[in-house]
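Undergrad: Sequence:
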Amino acid sequence: MSETPAEVVPDPRELQIKNAKAYLLKAGPSGVSLYEHLSALLSRILSERPTNALETLEQMSTELHWSRLQKGFDSLRPLTEDPPTVIKAASHRALFSSGTGEADENEGDGEMTDSPLPNLYELAHLLQQGGVSLGQEETVRIALAMKRLTDTHPLQYCRFWGKIFGTIASYLVAEVQFREGEDEEAEEGVEEEEKATAEEEEDEEEKEEAEDLPPKSTYRPPPVVPREENGAGTNKYVYFVCTEVGAEWIRLPPVTPAQITTARKIKRIFTGNLQAPVITYPPFPGTEANLLRAQIARISAGTLVSPLGYYQFGEEEGEEEEEGATRNTYEENPEFEGIPVTDLVESLSNWVHHVQHILPQGRCVWINTAVKSEEEMAEEEEEEEKEDEEEAEPEVGPPLLTPLSEDAEINNTPPWTAHLSSPQIPQYALAVLHSNLWPGAYTVASSKKFENIYFGWGIKCSPKGYSPPAPPPPQPEYPSGPEISEGVDPTVEEEQALKAAQEEATAAAEEAEEEEEEEEEEDDD
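So the sequence shown is numbered by full-length UniProt numbering: it starts at 1 and just counts up by one.
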C-alpha cells in the first residue's frame, strides 16, 4: 500500500509577506498602487542619490503625485490654449515692438514729414475737451495700428473715421486715399467686374442659341444703376476696418447704388463679422461688409461738416459752374481767418457740408438709366407695338458747401445741436456739434481747427419707429382687354327691347322673302 504525501503547511511569515504585498498592490482611485509609488520613489532615490534622502523623501513623493495627475479636467481651464487676454496682449505687444530699432531711429526727417499718418493724439485731446474721449490707452493703440496701416500701403491721405459698435466686436474705421496709380486692388476689381459682365453676356447668348426654348418673357427688369468710379462720389475714399487693435486691417469693397438704396429701407445692428449674411427684407445685396460700407457712405454724406469758409471752390470749378456742371471738388482756403466759437454755436449757418449729398438713386451724380445701347434700340424697332416711355427727370440734391441751416427737421426736432464745451469758462471753450439724425456723430471746433468723428451703432434715428416696407403689388399675368373682360348682365327691360327688335327683324326678313318669291312667280308667267 502506498502512503499519501503529507500536506505542506505554509510558513506564516511567507503568508504575511504575501498578504502585505497584495495589500500594497491594491490600486486606489487614481489607478496607482502604493507598491508602485514606493518602488518608483525608491528607484528615484537610488538613481539621484540625494545628500539627505530623509528630508527630500516627502518632496519627491509629492512630485511623483503631481506627475501622475491627469490634465484636462472639466472643472479646470485647459492649459494648452491661451486665454483671449493673452492673445490680445500679444497682438498689442507686436504694435509696440514694431517701431523700435536702429532703422527707425535713422529715418530721414523728410520721410516723417511726408507720412500721411494723422496726429491722433491731437485729435484725442480736442475731442476730450469737447466731452468725447477715446481714452489714453486706446488712443495710443489706435495710433500705432494706423501707423502700421500707413507703413504697409502707399497712402496719400489717412484719417481715423470713427468706431462702429457691434454685438460681438466693434469696427475701427480708417478713411484713406491711395497715391495716384498705386491702388492695384482697385484696378484688379475693375477688371474682375468687366470679366463678370462679359461672362454674363456670353451665358445669355448661349441660352438664346439653345434649342426648344420656352416662350420668351416680355418682362424687362429695371436697369441696374452702375456704381460710381473709384475716387468719385460715394467711392471717393477707401475704408479699412479692423475689429481689434493689432489685428490686420481689412479693406471694404466699393459701394453700389443698390446697396445704399436698400440700406435706407432696413435697420440692422452689426455683429462684428464681415462675412455674416444680412437676412432682411427687402433683401440686401451683399454681406455685412457691404452693409458696413453703405452705412459709412451715408453717415459721411450727412455728418461731415466744417466751418463756413474753411473750404472753397477753385477757379476751375467756378468756370465749370458757369457751364452748368456740378461742383464735386474743393480745396482748403489759405485765407481762412477762423470763426469765433460763440458764432459757431449760435448759428448753424456758419457750418457747411463738405461731402456730396447722396441722391435717391444711390449716387452722388445722377445718371440716366433710360439711355439704351444700339442693340436695345434695334430690338425695339423690330417690335410692332411700342409703349411710350416717360423721360426720367434728373435728380438734383443740395450742392457742396451747403449751410446746415437748410437741413430738414425730424418731427419738429432740429437735425443738429450745438453747444459750448464749457459754459463756465467760455473764453477757452470749444464748439461742439452733434447730429440728432445720426446719433454718435460729433464735430469739435476751435476758431481755426475742427475734427469730425463718429462713435455709434451705425443706425439712423427714426422717431416714429421702424416698420418694414410692404411688399410690392403683384404684377398682372396678362393685359386686360374687351376680349377677356366679362360683360355686364342686361336688365329685364333691355332683354325685352332686344327680343322685340329681333322679332321685328325676323318679320321684315320673312316679308322680303315672300316678295321675292312673288316676283319670281310673275316672271315665270
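Check before you lean on any hint, since a few could be wrong.
Unchecked claim - Calculated lysine-lysine pairs in the DSS-like style (CA-CA distance at most 27 Å, straight line):
no., residue 1, residue 2
1, 163, 216
2, 88, 26
3, 163, 449
4, 147, 460
5, 265, 464
6, 265, 163
7, 265, 236
8, 88, 236
9, 460, 265
10, 460, 236
11, 147, 88
12, 236, 216
13, 147, 265
14, 163, 147
15, 21, 267
16, 163, 448
17, 460, 267
18, 236, 449
In short, the hints are calculated from the structure, not lab data.
Undergrad: Can you confirm whether the C-alpha distance between residue 163 and residue 448 stays at or below 27 Å?
TA: Holds, at roughly 25 Å.
Undergrad: Would you check the hint for residue 147 and residue 88, treating anything up to 27 Å between C-alpha atoms as holding?
TA: Answer holds: residue 147 to residue 88 is near 18 Å, not above 27 Å.
Undergrad: Are residue 163 and residue 216 close enough, with their CA atoms no more than 27 Å apart?
TA: Roughly 50 Å separates the two Cα atoms, so the pair is violated.
Undergrad: Is residue 21 within 27 Å of residue 267, Cα to Cα?
TA: It is violated: about 76 Å lies between the C-alpha atoms, which goes past 27 Å.
Undergrad: If you draw a straight line from the CA of residue 265 to the CA of residue 163, is it 27 Å or shorter?
TA: 23 Å, holds
Undergrad: Would the hint linking residue 460 and residue 265 be met if the CA-CA limit is 27 Å?
TA: 11 Å, holds
Undergrad: Would you check the hint for residue 147 and residue 265, treating anything up to 27 Å between C-alpha atoms as holding?
TA: 37 Å, violated
Undergrad: Does residue 449 lie within 27 Å of residue 163 when you go C-alpha to C-alpha?
TA: 21 Å, holds
Undergrad: Mind checking the alpha carbons of residue 236 and residue 449 for me, to see if they're no more than 27 Å apart?
TA: Distance ~23 Å between residue 236 and residue 449 Cα, so the pair holds.
Undergrad: Just to be careful, I want the Cα atoms of residue 88 and residue 26 compared with a cutoff of 27 Å; is the pair within it?
TA: 49 Å, violated
Undergrad: Do the alpha carbons of residue 88 and residue 236 lie within 27 Å of each other, as the hint requires?
TA: 33 Å, violated
Undergrad: Does residue 460 pair with residue 267 here, judged by a C-alpha cut-off of 27 Å?
TA: Holds, because 8 Å separates the two Cα atoms, which is no more than 27 Å.
Violation of the numbered hints given earlier is confined to hints 1, 2, 4, 8, 12, 13, 15; the remaining hints are satisfied by the structure.
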